[in-house]
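Participant: One-letter residues, chain by chain:
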Amino acid sequence: MAEAAAIHLRDVLFGYDRHTPLLRVDEFIVPAGKRVFLHGPSGSGKTTLLGLITGILLPQQGSCMVLGKDLTRMSAQGRDRHRGSEMGYIFQSFNLIPYLTVRQNVALPCQVHERRRRNIAPATLMQEVERLVLRLGLAPYLDRNVKKLSTGQQQRVAIARAVIGRPSLVIADEPTSSLDAERRQDFLDLLFAICDEAKSTLILVSHDLSLRDRFDQSMALSEINRAST
Amino acid sequence: MTMLRLAYSSLRSRMFTTAMTVFSIALSVLLLVGVDRVRQGTQVGFEGTLSQTDLVVGARGGSLPLLLYAVFHIGTSNNEISFASYQHFAGHPAVLWTIPLSLGDSHRGFRVVATDDNFYQHYRYRGDRSLQLAEGTRPVGIFEAVLGSTVASQLHYHLGQKIVLSHGLEGSFLRHTADPFTVVGILARTATPVDRAIYITLWGDEAMHLGWQNGAPPLQAIPESQIHKSDLHINTISAFLLRSKSRMSTLYLQREINTYQPEPLTAIIPALTLRDLWSVLSAADVALSLVSGAVLVVGLLVMLTALYTALNERRREIAVLRTLGLNARQIFTLFILESTLISALGAILGLAAAYLVLYAIRIPVENRYGIPLAMVGVSLRVGYYVVAVVVLGALLGFIPAVRAYRNALADGLNAG
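Protein sequences, first through last, are from chains A and B.
Taking the numbering used here, the leading residue of the first sequence gets 1, the next gets one more, and so forth.
Taking the numbering used here, the leading residue of the second sequence gets 1, the next gets one more, and so forth.
Just chain A, same shape as in the assembly:
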């Protein structure tokens, strides 16, 4: 059970101020290879939980086993490296570095982290970038500045960048909120397909419960986080 868990938080307590904890988690497990849906209203500690999982935040107590490593026992740089080489992240919007082209944005994780680069099947990084961009239907925009793309196109570039180099975990924080209803399903279809190809565990956070049915597992943040109660 423990080996199969991509994420295992235990007895975690986090707060910027010692006396008013923002997040208190007794146990939170995400099994490897599953698609997990997290939902909850804003202010329920979603971003804080994601900060702990990615190792950007450190809990005051408890342990954070993420992809086989206890983040609480790692250095800040070690956590950054772990995140960069093992995780892909998709924001609600403004995912892309505005001064880079589509190609440069997608290639960036593999240029920052050698480990992600080694996971690539094709001979060169650019071949993989081109394959992914083509797969996401963005081939004509490959060398376009990302500022010239629509929001939907930008979110698809964000998928490509999150999954390049087959990270074990993909986290998407409200990735569909800036898309209209029709595009949402297309976006999810694409995200699932690509995560399956990369064999990545997927955590998707959203307040939109209509998406819930398409996931292997669904959790409410109010159940996980006992701090606010």
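Treat the hints with care, since some could be wrong.
Stated by the list, open to error - Ranges of calculated distance between the beta carbons of each label pair, as one might list FRET restraints: (1) B:VAL297 <-> A:LEU209: 54 to 62 Å; (2) B:THR2 <-> A:ALA123: 18 to 26 Å; (3) A:ALA193 <-> B:THR2: 36 to 44 Å; (4) A:SER42 <-> B:ARG14: 46 to 54 Å; (5) B:ALA410 <-> A:LEU209: 53 to 61 Å; (6) B:ARG14 <-> A:ALA193: 34 to 42 Å; (7) A:ARG118 <-> B:VAL297: 42 to 50 Å; (8) A:PRO31 <-> B:VAL391: 52 to 60 Å; (9) B:VAL387 <-> A:GLY43: 49 to 57 Å; (10) B:PHE398 <-> A:THR20: 31 to 39 Å; (11) B:VAL297 <-> A:ARG18: 28 to 36 Å; (12) B:ILE399 <-> A:ARG18: 54 to 62 Å.
The hints are simulated quantities; they were obtained by calculation from the structure and are not laboratory data.
Keep in mind it's a predicted model, so treat the numbers as computed, not measured.
Here a beta-carbon is modelled for each residue, glycine too, at the ideal position from N, C-alpha and C.
Once you've looked at the hints, dock chain B against the given chain A.
Facilitator: Below, chain B without anything else, positioned relative to chain A:
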């Protein structure tokens, strides 16, 4: 490498701001380097005017005025020295050669220098260069003259031209109309004050003033045809240049001349006196450098403002870079690289512009002012300026970089 590419792309996306910032830094480097090069050019030009001369000797007086009028034709001499004293030292066993100089007349704004053959034979400038005649011969006759190259080109004179010299300096109404001189030679260009003078013989100088008393001409001018060398008697000269047989004897000679009993004389070592001149001029140099330095500070502040104001809109970008696994130190590096790239680019452009401008203006400047800009290479000081600009730029980059570093840690995934 990835960081450098990121920094470069980031700057390029803000092309206008970046270009303006680079431009302002380049401009200040241009000023700093330009001022420094012209200063050094002037020094090289001045120092190159006279070489291999160990002592300049004139009547008792200040050393700087003596050097200025005897060598650079600036200012006037108040007192003459006797020809007897000159002959005494010219024949001194420790002396290798001497060049007598008699100044005081002019022609259309150019100084007239009376000297003898030693001038053409021994005068050296810029190391080991000697005077060459571009045309004609050295003056032999009493009323023969040789022109410096600038004199010839500006007045459009040629061999055989008759010229009338004025007594005293420009604007004098006393003209030696009775005794016109004939141009027999034109010197090749030296890019020193030598080019801006007319050379006659000591005999000629005396002949012009034959019969003059107390600075006034005789009532009845003596016509040229009636003057012969045997009638002339050289009594005084203004100054002379001296080369001793060994460096060791220079100091003894200087002492001997300065304490010469029959007549009060001053002997100076030209290089030492020039050094005094530079220290006098260094205040002006410091003032110019300060102004250039202030321009540099303004340029760097422009850069700081541009980078700092962009910080807020870049918080989102920093959060994205953090999710990609860049650590806070790498974010810091990114911002430092940006400021370093800007200042390095500014420094390189400024340096290139400075040398382009110097190259473009080198010929008119050398012709008009005798400042050999083309001979001026890269000095240590220029190197310091460039390094200082890049280092200062990088250091100033710390201010936005530290802010970005703090943002990276504080914002985490939240920025927006």
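Participant: Are the hints correct? Go through all of them and say.
Facilitator: For each hint, the structure was consulted:
no.	hint	in the structure
1	B:VAL297 <-> A:LEU209: 54 to 62 Å	holds, 59 Å
2	B:THR2 <-> A:ALA123: 18 to 26 Å	holds, 20 Å
3	A:ALA193 <-> B:THR2: 36 to 44 Å	violated, 29 Å
4	A:SER42 <-> B:ARG14: 46 to 54 Å	violated, 33 Å
5	B:ALA410 <-> A:LEU209: 53 to 61 Å	violated, 32 Å
6	B:ARG14 <-> A:ALA193: 34 to 42 Å	holds, 37 Å
7	A:ARG118 <-> B:VAL297: 42 to 50 Å	holds, 48 Å
8	A:PRO31 <-> B:VAL391: 52 to 60 Å	holds, 54 Å
9	B:VAL387 <-> A:GLY43: 49 to 57 Å	holds, 53 Å
10	B:PHE398 <-> A:THR20: 31 to 39 Å	holds, 35 Å
11	B:VAL297 <-> A:ARG18: 28 to 36 Å	violated, 46 Å
12	B:ILE399 <-> A:ARG18: 54 to 62 Å	violated, 32 Å
The structure fails hints 3, 4, 5, 11 and 12 (numbered hints given earlier, in ascending order).
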